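J.: We have chain A; now place chains B, C and D with the ligands onto it with these hints.
Residue numbers (the working numbering), protein chains in the order written: chain A, 284 to 625; chain B, 284 to 625; chain C, 329 to 954; chain D, 329 to 954.
Possibly wrong hints are sitting among the right ones.
Claimed, not checked - Heads up, incomplete: computed chain C residues facing chain A, CB under 10 Å, no partners named:
| id | residue |
| --- | --- |
| 1 | Ala-390 |
| 2 | Pro-612 |
| 3 | Leu-614 |
| 4 | Gly-777 |
| 5 | Gln-779 |
Unchecked claim - Residues of chain C placed beyond 10 Å of chain B at every Cβ, according to the derived structure:
| id | residue |
| --- | --- |
| 6 | Phe-531 |
| 7 | Glu-622 |
| 8 | Ala-635 |
Claimed, not checked - Facing chain C, a subset of chain B residues (Cβ under 8 Å, in silico):
| id | residue |
| --- | --- |
| 9 | Ala-324 |
| 10 | Asn-332 |
| 11 | Val-334 |
| 12 | Gly-353 |
| 13 | His-393 |
| 14 | His-396 |
| 15 | Val-556 |
| 16 | Thr-560 |
| 17 | Asn-563 |
| 18 | Cys-585 |
| 19 | Ala-587 |
| 20 | Val-599 |
| 21 | Leu-611 |
| 22 | Thr-620 |
Everything labelled a hint here was simulated from the structure, so no lab data went into it. Just so it is clear, the structure is predicted and the values come from calculations on it, not from any experiment. For glycine and all other residues, C-beta sits at the position ideal for the given N, C-alpha and C.
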Amino acid sequence: MTATTTVENLAPKDFASDQEVRWCPGCGDYAVLKAVQRTLAELGVKKENTVFVSGIGCSSRFPYYLSTYGFHTIHGRAPAVATGVKLANPELDVWVVTGDGDGLSIGGNHTLHALRRNVDLQILLFNNEIYGLTKGQYSPTSRRGTRSPSTPHGSIELPVTPASFALGAGARFVARSVDAQQAHLCDTLKRAHEHKGASFVEIYQNCVVFNDRTFSRFTDKDTAADNQLLVEHGKPLLFGRDRKRGLSMRSGCLEIEVVTVGENGVTEADVLVHDETNRNLAGLLASLDTPEFPVALGVLYCDAAASYDAEIHAQVEAARSKTDKPSLNALLRRGQTWTVAG
Amino acid sequence: MTATTTVENLAPKDFASDQEVRWCPGCGDYAVLKAVQRTLAELGVKKENTVFVSGIGCSSRFPYYLSTYGFHTIHGRAPAVATGVKLANPELDVWVVTGDGDGLSIGGNHTLHALRRNVDLQILLFNNEIYGLTKGQYSPTSRRGTRSPSTPHGSIELPVTPASFALGAGARFVARSVDAQQAHLCDTLKRAHEHKGASFVEIYQNCVVFNDRTFSRFTDKDTAADNQLLVEHGKPLLFGRDRKRGLSMRSGCLEIEVVTVGENGVTEADVLVHDETNRNLAGLLASLDTPEFPVALGVLYCDAAASYDAEIHAQVEAARSKTDKPSLNALLRRGQTWTVAG
Amino acid sequence: MAHGKVAGGGDLRGKLPREVRDAVVIRFAGDSGDGMQFTGSQFTQETAMVGNDLATFPDYPAEIRAPAGTTFGVSAFQIHFGVTDISTVGDELDVLVAMNPAALKVNLNDLRIGGTVIVDSGSFTKRNLQKAGFDNNPLEDDSMAPYQVIPLDIGKMTLEAVKDFELSSKEALRSRNMWTLGLTLWMYDRDRQVTINWLRSKFKQRPEIAAANIAALNAGHAFGETAEMPNYAVGYSIVESDIRPGEYRTATGTQTMAWGLLAGAQAAGLKIMFGSYPITPASPLLHALAGLKEFGVITFQAEDEIAAVCSAIGASFAGSLGVTSSSGPGIALKTEALGLAVATELPLVVINSQRAGPSTGMPTKTEQSDLFQAVYGRNGDTPLPVLAAATSTDCFEVAVEAVRIAIKYMTPVMVLTDAYLANAAEPWRIPDIEHLNRYPVRFRSDPEGFQPFLRDTDTLARPWAIPGTPGLEHRIGGIERDSQTGHISYDPENHEQMTRMRAAKIHGIAADTPTQELALGDDSGDLVVVGWGSTFGPIRQAVKRARDEGRAVSHVHLRYLNPLPRNLGDLLGAFTRVLVPEMNNGQLATILRSSFLLPAISLPKISGKPFKVREVAEGIRSALES
Amino acid sequence: MAHGKVAGGGDLRGKLPREVRDAVVIRFAGDSGDGMQFTGSQFTQETAMVGNDLATFPDYPAEIRAPAGTTFGVSAFQIHFGVTDISTVGDELDVLVAMNPAALKVNLNDLRIGGTVIVDSGSFTKRNLQKAGFDNNPLEDDSMAPYQVIPLDIGKMTLEAVKDFELSSKEALRSRNMWTLGLTLWMYDRDRQVTINWLRSKFKQRPEIAAANIAALNAGHAFGETAEMPNYAVGYSIVESDIRPGEYRTATGTQTMAWGLLAGAQAAGLKIMFGSYPITPASPLLHALAGLKEFGVITFQAEDEIAAVCSAIGASFAGSLGVTSSSGPGIALKTEALGLAVATELPLVVINSQRAGPSTGMPTKTEQSDLFQAVYGRNGDTPLPVLAAATSTDCFEVAVEAVRIAIKYMTPVMVLTDAYLANAAEPWRIPDIEHLNRYPVRFRSDPEGFQPFLRDTDTLARPWAIPGTPGLEHRIGGIERDSQTGHISYDPENHEQMTRMRAAKIHGIAADTPTQELALGDDSGDLVVVGWGSTFGPIRQAVKRARDEGRAVSHVHLRYLNPLPRNLGDLLGAFTRVLVPEMNNGQLATILRSSFLLPAISLPKISGKPFKVREVAEGIRSALES
Ligand SMILES: Cc1ncc(C[n+]2csc(CCOP(=O)(O)OP(=O)(O)O)c2C)c(N)n1
Ligand SMILES: Cc1ncc(C[n+]2csc(CCOP(=O)(O)OP(=O)(O)O)c2C)c(N)n1
Ligand code: SF4
Ligand code: SF4
Ligand SMILES: [Mg+2]
Ligand SMILES: [Mg+2]
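Just chain A, same shape as in the assembly:
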């Protein structure tokens, strides 16, 4: 057996492990797995340099189904483990897979700090708005009123919007896609991979068993066109079956409205143009929801800054370059010493 894998030849299926996939039939996780395998193949990454780190949850079983290195850690801690992997070896390509419970409930703080520190990780948050693995309790992203085993009378909490949270945390790359929208998902994953620093990708993922069709209002074939806004940098924020509807600023009041090009004298010039480096715009886009607005998908925000792992290694390098060959013996003798003669 030779130890080198030739990168060019890897096909999506080469990124599949030998383990039988064990999600519920019809689970959105299958689609995401497929998209990730395809993305890895298309990116031409090396299996041996790729690490998937996950927490606990249905979604977090992900690494077992990939033929890369993988670490299925403990509930909520994947970003912290992944940070350690990346700090130890910045050459590795490190992906985090987490769920809405794993990454935003128990693990919210690690997600926050990995984003803020800007560790060069791709963080994929599979949002099914439910706890799948533990059989259907509501999660921090569940709609208010969700009836679940732990909220038989309906949940009373206001859900957190993952993208808004990520922006509030100071993330430098925030994007969104949908499990079943393979092409869009692959493109989004590629953008995330390309971004140096922490990239946060929320993937709307359908849990057929405990929360089926939560996203159908904007993912169903017949609703998608009118309820999805596929943002692209430099392009006007248009949507709708005939791409005539668009987002426009209400003058002076920092609020957005939906306008229709060609009606009431509205022209394309009145429609906001997506600028993915504009954090305020990203904040606005993140907060949009049906029925009043479409749900914004794609790269909402991308504005690179130095990544934590790169900076920390730069500090180490700077310190190393100052001394010729650092000697531990010399270190131990730094400061006052004395000698007792023999």
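T.: Relative to the frame of chain A, chains B, C and D with the ligands by itself:
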């Protein structure tokens, strides 16, 4: 000794406990303590109904210096403990005191979820941009480049902006004030108290020992007027010694600029008017910083929604009102039973 | 082939006389989608109604919905029922019901030689055989020779039974489990009424579904009545048991735990504030309590286990009964906060539904390996009482007792249960709540002489003074507190005294709990078998067997693990040998060794499965020979 | 008054001959702002340079900067120095330096009757006396009669000494400690050069400050030279010690721990990734390692302890040496993740700087009460090796050993140190790194036959195969793993086997660590005193005393707490009695009892302070009488 305290008579000093205050001489915490005692007196609250819950840190010693009920818990967990207090007894007036390390580093997740759930707490985050109690390590709010015992070469992380974080978390009340600005601080605390639901108040607090004068750029007597923007609902966002400078929207691009009323044809009408119910505006205000912008102080955002504790008790009440007098004996016998005769 | 084949039809008529049995173990196994848990529960209900004693063991896959037909997607429900003293789920199966090849594959090993296996032969398709990893169809070679096989095309017969209801064939096939239930109910001469009632109320909105299920149930029953079953597939009768009069129900450990907590809180006059975070196998307790809002129970699904326990601590501070629950990894996360509860001396009940560890371990499998963590697992000298429940229904009493101790001694109390007890059901003689002892909490209200850490000289508990009480305003915290005022104190003598007081308070609880009694046997002899928790049944049966064989063996079963019962050392000291069967690698044995300097012999079982009686019996035998 | 008063002036001339002493204990005490820690360290440096053996004990307030003049704001630094074998900080003070009334108040109790106290009489103002809680000025009543008091107006003399440097009087008074240092250096005939050099380099930017401090230092020294000191304030000489030749330095446990980790990592050819979160008294290790970037050490201040340990685990997975450190509450938070490290069998070193618990406890005070947590404190059957350092400089060797074990056995290793060791300094014969054993890690690279959980038959360790290695791609996790492939496995036999393997692996380490030797005494006798960690010094001295008195007492000091040394049971069994002094409520005693069924007697000290030799000696006496 009589067990009733008459509310009318309580003066600020009545809210002081018998414990000697043990912060470093000159610490900003003293000023906050004074403001809180004054606020409590002016609000006319009852000592016995007031609970201060804190984590660990210099700031978290706070409860010991008040004559109310107090709980100095463990590092980062005050919002969780306080949630339990409030759920057990919603009649209590529950305040949380935390620091930038306590509330945003180890405790970031609890802060996030207390805000998101909208538990009726006043959360006071003493931000001194440093770990005081553990002797000066950098914190998640420390400026990039902070040299501290744990970052001798300067910190390389991007700090989190507490107010942006709180907004991203879905907070319904976000305000800011400064330790030494007593009147403003008291007013802000009163607004927080009045707000039903979670209120988040960031207090810029000077740590004389480990991070002296971090906020002087906008809190010093000679810089304050030009670098503070004291926001008030319904009032134009004006600042500066002569209140001629103001915030205005760059047209169409969701960005803000500083204009001077009376120059280049700018009139007060061009200046944005503060609307504390506008989340987008709050997000923008939260992100402003010197030198380009003033630092916004006051109630950045306030838009009440049902509080978690009220809702949960409403659910309990609704369930109770359905049964006459719920009987445990009956509960045990619900479903299939059979009797073995004697 | 040694056994006759029975085609899926009605050609086997006639009715045989019923054999009489003391006890039977039957397991329903099928795909996760086959409704085996429901089948098992209904069988349990109908069996309980007859007045038999019983024990159940549901065993479901870790995956939510594993791909159909795979071995890891097999779900099973075992029930052991009989005349009296059914305290285990049974070592071996008398009857296995296998709804597909995978179920046969996974479960056949547990069937006793000569046992009966009912298979749905219609599901033994090539594809299903392949998925289950069979090279050949076991129904067609001689691999099943040691067993009595009854292959029935249940699917076909079910379709036939429900054909009038115009269901899709997918929907119609969903009733296969009801057909099977009908047949097995016939085999043991059980009624169907509970199930019929249940189906009617469950499918109120879709009466055609209810009707189809009932038709399938009846058809299965009728098949038994009328088919000429082979003579090894006789019907059995279980003699009615001679049991204590009273009103009974079946209940799982989760149910009785929830009710026990409520009963304890009511006895104290407190409201429950239950802070938790979902985790297998602890979540069902959260679900159960969430459904008790009319009793004023507040349940709070926190963001994590740390927030869960902290919210419960906060609630106790404010005058509720703070309760939290989790399983191993989640209990681990509560470690730091448990120290705070010990330090601030607040009541708190912590339920640990143990599962196989370390780390995530095997979430759906049972184990008793968190005893060390419960007794020792905190920083500092941080003692707290630890109790364990022995059976599903014992959870009720243990929960009540935990509440009592927590309140009386102002301390967190850890209750150990496990995945097995949480899910397993047994008959329960329902107590009359009116007759339970009450121990109403008296919150401190008098400011005269109030000091938050001035202890009751008897219990060494500090007063419970709650916010809202005028004149008692005070501050508590995790930094060492002055032994009177509760103010921060770094005084060395104070710390020494407080550490000793905390230890003495917990130690002193042993004076307030019953002396340990023997569960079985004489008070001296060659061997005492010491158990705790859900091993009660297998130990009891094994000791019984040994005694039947004339061995001088006794059984001691511990409810109180910290502090240990005050007479335990003497009790055990009267035996030549001490054997400690545990579903862990020897944790109680270690504690007994250090407590009493006894050479306790450990009998570990760490496979994620309950002990078999046989295993304990073998342990007893070899200990006696040692 | 029994003692003469000395006015703050130069009226006491003449130079007395120096008395010769074996050892002296001196404590510098003053307000937190008085620079006592610095004074003590400099005194230590100068003393070490003379070749004396020594031990130090810094004791500072919990508050960052408590209000000046209060008792809780007192900061102290104690040093015990002498000819040889100074293994404790000294039970009693020979000399106390008190810079203000509060310092006198807090520390006087520790001064031996007849001991000398030097006070800055100028600070005994009405206000300061009041703040310290004195009703009368103790210098003016007879409360100090049992002691030899030397009141000096140090402030005034300092101002006089630095008057040429045109400093504000506040700045000038900052040199009071240097004046005091000068005087005490004179008393013990020590040099000032190290201090002078240090001041020069420290205040390079402000030479006037350096000059003023040096002037004060010299003035204090000159005062001793020239003043006619009362005859109880003679100068002393300590005979030069007869110690092992070599190059020496003083070092705290924090320093040697940091260097030891680095040495261990270098021996293995690994980079360190240190993930931590600040906490007293563990933070200094983070600070020390953060300053070693030129060695490729990466330090990561995580958002909390959970992230800290998880990042270290991730780093180990990726091929670095993952290290994490904390103190009690933080270690508690790491509990769950330690289970993950045990389950995934990754190397990890965890340093626990123990402090007084439970909960927040007394963060600045020392204790050994996390032993239970270290050995037992995890969910599941989750064993890991536990090591403890006996002295500040022993931390070096223990750290190296911890790294060796972690790597060789693919396991997390817990190292116990404590607040005392972390801060205390002692002389250290600096090892030559070139002569340390190397144990280069060989990461698995050959895909042939690779299975991530296939164990080395000797060590039972699994291979370390790191990302970046082609052909070895594999997945690990916290769910139970197949004993070969590492895939998720719920197989009962596999779990049983894996649990036994994990236990056997850790147990087997005892074969690879030294047999336990006696620290002192014969290999049998009436009593063996068993210690671990920082109690080494007091136990050693107490055993010495007992032996000097002719008692058959020996000392065993454990470095390996889990697994225990393979010969320990036999070793202890040779003694009639076993006494276990610990700074906790009897944790090692419990472990020894369960391990060897020995009736170990516990001698607990739980005041947050190190043992005094006297206390252990008394314990020995009463154990011998028992
Ligand atoms: C410490 C700990 N707490 C709780 C659990 C139980 N648990 C496992 S996954 C999960 C939530 C899963 O939800 P999510 O992250 O949304 O993933 P999904 O299953 O929906 O993909 C929980 C609560 C655990 N394994 N560990
Ligand atoms: C679990 C735990 N980890 C760490 C610590 C140590 N610790 C105490 S306070 C603190 C940070 C304090 O910073 P901040 O919250 O900003 O408060 P400040 O002192 O600045 O007011 C830390 C790390 C602790 N007490 N407990
Ligand atoms: S429970 Fe939901 S999320 Fe989990 S595997 Fe099934 S469908 Fe997918
Ligand atoms: S260290 Fe800083 S924050 Fe803490 S008390 Fe002192 S000045 Fe205040
Ligand atoms: Mg989910
Ligand atoms: Mg701070």
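J.: Work down the list of hints and note, for each, if the structure agrees.
T.: Hints, one by one, checked against the model:
1. Checking Ala-390/C against chain A: minimum C-beta separation of about 8 Å stays under 10 Å; hint holds.
2. A cut of 10 Å between beta carbons decides the hint on Pro-612/C: the least distance to chain A is about 8 Å, and the hint holds.
3. Below 10 Å, beta-carbon pairs count as interface contacts, and Leu-614/C has one with chain A at about 5 Å; its hint therefore holds.
4. This hint is violated: Gly-777/C has a C-beta 43 Å from the nearest C-beta of chain A, more than the 10 Å allowed.
5. The restraint placing Gln-779/C at the interface with chain A is violated, with a minimum CB-CB distance near 38 Å, outside the 10 Å limit.
6. For Phe-531/C, the shortest C-beta to C-beta distance to chain B comes to about 17 Å, beyond the 10 Å cut-off, and the non-interface label holds.
7. At roughly 4 Å, the least C-beta separation between Glu-622/C and chain B is not larger than 10 Å, which violates its mark as non-interface.
8. A beta-carbon of chain B is positioned within 10 Å of the beta-carbon of Ala-635/C; the least distance is around 4 Å.
9. Of the supplied interface hints, the one on Ala-324/B is violated, with its beta-carbon coming no nearer than about 15 Å to a beta-carbon of chain C, more than 8 Å.
10. At a threshold of 8 Å, the smallest CB-CB gap from Asn-332/B to chain C is about 6 Å, leaving the interface hint in force.
11. With a cut of 8 Å, the hint placing Val-334/B at the interface with chain C holds, because the nearest CB-to-CB distance is about 5 Å.
12. Restraint check, Gly-353/B versus chain C: the minimum CB separation of about 4 Å is within 8 Å; hint holds.
13. For the restraint placing His-393/B at the interface with chain C, the shortest Cβ-Cβ distance is roughly 6 Å, inside the 8 Å limit, so the hint holds.
14. Because the beta carbon of His-396/B sits about 4 Å from the nearest beta carbon in chain C, less than 8 Å, this interface hint is met.
15. At about 37 Å, the closest approach between the beta carbon of Val-556/B and any beta carbon in chain C exceeds 8 Å, and the interface hint on this residue is violated.
16. Annotation: Thr-560/B was flagged as interfacial toward chain C, and the flag is violated, the nearest CB pair being 27 Å apart, outside 8 Å.
17. Hint on Asn-563/B is violated. Least Cβ distance to chain C is approximately 27 Å, over the 8 Å limit.
18. Taking 8 Å as the C-beta contact cut-off toward chain C, the hint placing Cys-585/B at the interface is violated, the least distance being around 24 Å.
19. Taking 8 Å as the C-beta cut-off, the interface hint given for Ala-587/B is violated, the closest approach to chain C being about 22 Å.
20. Because the beta carbon of Val-599/B sits about 5 Å from the nearest beta carbon in chain C, less than 8 Å, this interface hint is met.
21. Interface restraint check for Leu-611/B: the shortest CB-CB distance to chain C comes to about 5 Å, inside 8 Å, so the restraint holds.
22. With 8 Å as the threshold, the beta carbon of Thr-620/B comes within range of chain C, its nearest partner Cβ sitting at about 4 Å, so the hint holds.
In this structure, the hints that do not hold are numbers 4, 5, 7, 8, 9, 15, 16, 17, 18 and 19, in rising order.
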